[in-house]
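Engineer: Sequence:
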Amino acid sequence: MNQGAELNVTEANSINEQEMMQYIAEKTKASQANIALVLKHEQAYINKAHENAKGEVDIDGDDLADYILSRKDVKLDELTVEGILDAEMDYLMEKGHAGYVD
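The working numbering puts the first residue of the sequence shown at 1, with every later residue one more than the last.
Just so you know, not all the hints are guaranteed correct.
Using 25 angstroms as the maximum straight-line C-alpha spacing, the simulated BS3-like pairs for lysine-lysine come out as follows [as the list claims (entries may be wrong)]:
| no. | residue 1 | residue 2 |
| --- | --- | --- |
| 1 | K95 | K40 |
| 2 | K29 | K54 |
| 3 | K29 | K75 |
| 4 | K29 | K40 |
| 5 | K95 | K29 |
| 6 | K72 | K29 |
| 7 | K72 | K48 |
| 8 | K54 | K95 |
| 9 | K95 | K27 |
| 10 | K40 | K27 |
| 11 | K29 | K48 |
| 12 | K27 | K75 |
| 13 | K40 | K72 |
No lab work stands behind these hints: they were computed from the structure.
Could you build all of it, start to finish, from the sequences and the hints given here?
Structural biologist: Written as structure tokens, this is what we have:
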């Protein structure tokens with residue numbers, strides 16, 4: 001599965017972070033600290049990506065997971081990182097902030 005994710009960067013700023021963290025924790029059983037760590041590195045990755053003309057960023061999920069796993073302070077396994085990212089994407093899609101593209 002090599003689908004990318006599209007996120008409107010402007011809308012991302014209006015997301016309820018606390019609610020999203022709780023949603024991810026309930027879905028993954030990951031600790032708040034681990035979720036925050038993964039999301040921190042995800043944000044750094046997204047910040048390096050370029051927006052298209054619509055203000056959206058196209059992110060390859062596999063590349064993102066590999067980037068996060070390569071960070072020295074991340075001691076999580078691939079399934080945990082992917083689970084956190086998948087739960088985040090589910091939350092963002094439910095709230096209308098993101099969607100998948102082929």
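Engineer: Next, verify each hint and record whether it holds.
Structural biologist: Verification of the supplied hints:
Distance hint between K95 and K40 is fulfilled; the C-alpha atoms sit about 20 angstroms from each other, no more than 25 angstroms. Straight-line distance between C-alpha atoms of K29 and K54 comes to about 35 angstroms, which puts the hinted pair past the 25 angstroms bound. The suggested pairing of K29 with K75 holds, with an alpha-carbon distance near 16 angstroms, which does not exceed 25 angstroms. At roughly 18 angstroms between alpha-carbon atoms, K29 and K40 fall within 25 angstroms of each other, so this suggested pair holds.
In summary, the hint linking K95 to K29 is supported, as the alpha carbons are separated by about 21 angstroms, within the 25 angstroms threshold. Pair hint K72 plus K29 holds up; C-alpha atoms about 22 angstroms apart against a cutoff of 25 angstroms. Distance check on the hinted pair: K72 and K48 sit about 18 angstroms apart at the alpha-carbon level, within 25 angstroms; holds. With a CA separation close to 19 angstroms, the supplied pair K54 and K95 stays within the 25 angstroms bound.
A threshold of 25 angstroms between alpha carbons decides the hint, and for K95 with K27 the separation of about 16 angstroms falls inside it, so the pair holds. For a cut-off of 25 angstroms, the pair hint linking K40 to K27 stands: about 19 angstroms separates their Cα positions. Using a Cα cut-off of 25 angstroms, the hinted pair K29 and K48 is violated, with the two alpha carbons roughly 29 angstroms apart. Taking the CA atoms of K27 and K75, the gap is about 20 angstroms. The hint holds against a cut of 25 angstroms.
The hinted pair formed by K40 and K72 meets the criterion: a straight-line CA distance of about 13 angstroms does not exceed 25 angstroms.
The structure shown violates the earlier hints numbered 2 and 11.
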